[in-house]
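2 protein chains.
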Amino acid sequence: VSETDEKRETLGEISEAEILSRVFPRLPVSAHELLGPGDDAAVISAPDGRYVVTTDMMVEGPDFRTDWSSPFQIGYKAAAINLADVAAMGAVPTALVVALGAPAHAGVSDLEQIADGLRAACDELAPGCGVVGGDLSSAPALVLSITAHGDLESREPLTRSGARAGDIVAVAGELGAAGLGLDLLFARGIEAHAEFATVLDAQLQPRPHIGLGRVAARSAATAAMDVSDGLALDATRMARASEVRIDLSSELLSAFVGALRDAAPGISASDDELLDYVLYSGESHALLVCFSPQASIPAGFAPIGVVTGLTGDEPGVFLDGAPLDARGWHPFQTG
Amino acid sequence: VSETDEKRETLGEISEAEILSRVFPRLPVSAHELLGPGDDAAVISAPDGRYVVTTDMMVEGPDFRTDWSSPFQIGYKAAAINLADVAAMGAVPTALVVALGAPAHAGVSDLEQIADGLRAACDELAPGCGVVGGDLSSAPALVLSITAHGDLESREPLTRSGARAGDIVAVAGELGAAGLGLDLLFARGIEAHAEFATVLDAQLQPRPHIGLGRVAARSAATAAMDVSDGLALDATRMARASEVRIDLSSELLSAFVGALRDAAPGISASDDELLDYVLYSGESHALLVCFSPQASIPAGFAPIGVVTGLTGDEPGVFLDGAPLDARGWHPFQTG
Numbered sequence: 001v002s003e004t005d006e007k008r009e010t011l012g013e014i015s016e017a018e019i020l021s022r023v024f025p026r027l028p029v030s031a032h033e034l035l036g037p038g039d040d041a042a043v044i045s046a047p048d049g050r051y052v053v054t055t056d057m058m059v060e061g062p063d064f065r066t067d068w069s070s071p072f073q074i075g076y077k078a079a080a081i082n083l084a085d086v087a088a089m090g091a092v093p094t095a096l097v098v099a100l101g102a103p104a105h106a107g108v109s110d111l112e113q114i115a116d117g118l119r120a121a122c123d124e125l126a127p128g129c130g131v132v133g134g135d136l137s138s139a140p141a142l143v144l145s146i147t148a149h150g151d152l153e154s155r156e157p158l159t160r161s162g163a164r165a166g167d168i169v170a171v172a173g174e175l176g177a178a179g180l181g182l183d184l185l186f187a188r189g190i191e192a193h194a195e196f197a198t199v200l201d202a203q204l205q206p207r208p209h210i211g212l213g214r215v216a217a218r219s220a221a222t223a224a225m226d227v228s229d230g231l232a233l234d235a236t237r238m239a240r241a242s243e244v245r246i247d248l249s250s251e252l253l254s255a256f257v258g259a260l261r262d263a264a265p266g267i268s269a270s271d272d273e274l275l276d277y278v279l280y281s282g283e284s285h286a287l288l289v290c291f292s293p294q295a296s297i298p299a300g301f302a303p304i305g306v307v308t309g310l311t312g313d314e315p316g317v318f319l320d321g322a323p324l325d326a327r328g329w330h331p332f333q334t335g
Numbered sequence: 001v002s003e004t005d006e007k008r009e010t011l012g013e014i015s016e017a018e019i020l021s022r023v024f025p026r027l028p029v030s031a032h033e034l035l036g037p038g039d040d041a042a043v044i045s046a047p048d049g050r051y052v053v054t055t056d057m058m059v060e061g062p063d064f065r066t067d068w069s070s071p072f073q074i075g076y077k078a079a080a081i082n083l084a085d086v087a088a089m090g091a092v093p094t095a096l097v098v099a100l101g102a103p104a105h106a107g108v109s110d111l112e113q114i115a116d117g118l119r120a121a122c123d124e125l126a127p128g129c130g131v132v133g134g135d136l137s138s139a140p141a142l143v144l145s146i147t148a149h150g151d152l153e154s155r156e157p158l159t160r161s162g163a164r165a166g167d168i169v170a171v172a173g174e175l176g177a178a179g180l181g182l183d184l185l186f187a188r189g190i191e192a193h194a195e196f197a198t199v200l201d202a203q204l205q206p207r208p209h210i211g212l213g214r215v216a217a218r219s220a221a222t223a224a225m226d227v228s229d230g231l232a233l234d235a236t237r238m239a240r241a242s243e244v245r246i247d248l249s250s251e252l253l254s255a256f257v258g259a260l261r262d263a264a265p266g267i268s269a270s271d272d273e274l275l276d277y278v279l280y281s282g283e284s285h286a287l288l289v290c291f292s293p294q295a296s297i298p299a300g301f302a303p304i305g306v307v308t309g310l311t312g313d314e315p316g317v318f319l320d321g322a323p324l325d326a327r328g329w330h331p332f333q334t335g
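Chains as they are written, first to last, in this note's numbering: chain A, 1 to 335; chain B, 1 to 335.
Hint data in this document are derived by calculation from the structure and do not stem from the laboratory. Ideal placement from N, C-alpha and C gives every residue a C-beta, glycine not left out. Check each hint, because a few of them may be wrong.
To be verified - If you anchor each label on the Cβ, the simulated ranges turn out as follows: (1) B:Pro127 / A:Asp272: 53 to 63 Å; (2) B:Pro127 / A:Glu273: 46 to 56 Å; (3) A:Arg155 / B:Leu252: 22 to 32 Å; (4) B:Gly38 / A:Ala302: 40 to 50 Å; (5) A:Glu156 / B:Glu124: 26 to 36 Å; (6) A:Gly321 / B:Arg65: 54 to 64 Å; (7) A:Asp183 / B:Arg188: 23 to 33 Å; (8) A:Pro47 / B:Gly321: 47 to 57 Å.
Please take these sequences and the hints and turn them into a complete structure.
Next comes the structure, spelled out in structure tokens:
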């Protein structure tokens, strides 16, 4: 997409077999693959007789821009956001299938770099997970649709509905950086990377703590979810599914405000403005977990509040006792 | 997409939660679902400790046109082509995940009808299979990316590489009708449906014989694949993977030529032209199976040739002893 090399090869110029022979060797291999690419379907092991499955599609335009994201980053992020959903079930990611739509004029090297991004994400975030199959389609814009699978290792899945009064609410990962990075990209373009690399990277190449999903499941977690549409909205979904109140503490959240300020030194924003990013901005892909009060919170998780029972009121999220708006991200609205 | 009702609601006008509440009740339910939609991932049973997985993306423009296909047909076909890949492994389809990209101006009723098509395909072709999860994205054109899963019921998977000299080559389903239907659509538009309903329906709403995948696997099948890119090309892939020759007989294939003529009565095409459709046109989604010579060919399969060992020559496909071109469909070439 970004190359100017006059020898740049496009997808329309070479055979499908050649495209696949260039891309396949770069893809990560799954340790759970019993039968890999080359047939109509792959065969994957499910040691405990179940598997976890989730899907997320990324579309050029609404979900990424090729003037901001490299093909490597697009592949990395597409894998990472799917891995985060598997981790949120307390599962260990095992296998991805990847459907890719691209215009005929897209470069073969772009596909190679997307494959490199998929591999880097699996290697760094979820070793043992790999790409077991895929599909290549012609499309007017780049579309990357990934389905991720995971192994529960004989544990019960973590859900949104398991939170109970008395639980500790904790988060692993960043809150607000990906959203702040997106606003900086809209305001100043990719040039903002020179000054705000950390928050732009949080947006362009998120690195969720995939391994902590299994850690949480082994540590008396009662509920978990991936924070993708903003903490306030996602915690509200968890509160409703569990029929509880989630009471957040601004004192505890101040650690995330401080981390956000450290990640964007020199940013001209008040603490209240940064707290807004922490609470409402999307694509953090932090892991939101409720732990039973008897549990010791594992390393990597920071407490942000407690779960409270309903006493006649509606399920919802509160900050220092005041109800929080469940506003957040919607796929068909802009801004 | 096709509605003119002035009350037509679009995806951009209502909340994501409302869209999902309208679409979800219409989706087919999987009998293998242990935990369904509502969490970050679903949990599916894999009774024999393995599962089959495949993915196929359909994109508006290259893969379908909304002036030819109804939303119902788009959903039906997207499910059917994925189910066909599961069946080709000798597996029983269990669960689909569906990622859908659509413009904000798309109608909510279009999504409802896509869901109806997904349900009809599962109910008619693969009872017990259902949609266990999904993702809804904003996209410049309609994109439907499905991942399908299947259960091998403790059998070994059927692959492309198992064909052995002496095997009978057989097909279940139609050959050529979907390709002929596409050419009629390009030549005469959807108006051709009045005269050529059967072949247009083969293109717009294919009904592959999903249940025959399991039947083949139980009947001493040695190799199988879904015919999606044309018989000649796909059989060549099987011959290469198995390192054999596949010898097709025009006398046996004449049954498919006759069926094609019956499906398009009054078509002005010679038998040779129809044989070209049988051999080379794509999207048939017939099931190509090799059976061991000891097997009795199950009902629903028609023999089309035999597998021959290599005697110094290259693997490939022959018709009445003459080598066949492995030409067929390529995703980034037109025509």
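Cross-check of the supplied hints:
no.: 1; hint: B:Pro127 / A:Asp272: 53 to 63 Å; verdict: 56 Å, holds
no.: 2; hint: B:Pro127 / A:Glu273: 46 to 56 Å; verdict: 55 Å, holds
no.: 3; hint: A:Arg155 / B:Leu252: 22 to 32 Å; verdict: 54 Å, violated
no.: 4; hint: B:Gly38 / A:Ala302: 40 to 50 Å; verdict: 27 Å, violated
no.: 5; hint: A:Glu156 / B:Glu124: 26 to 36 Å; verdict: 35 Å, holds
no.: 6; hint: A:Gly321 / B:Arg65: 54 to 64 Å; verdict: 56 Å, holds
no.: 7; hint: A:Asp183 / B:Arg188: 23 to 33 Å; verdict: 52 Å, violated
no.: 8; hint: A:Pro47 / B:Gly321: 47 to 57 Å; verdict: 49 Å, holds
Hint compliance for this structure: hints 3, 4, 7 are broken, all remaining hints hold.
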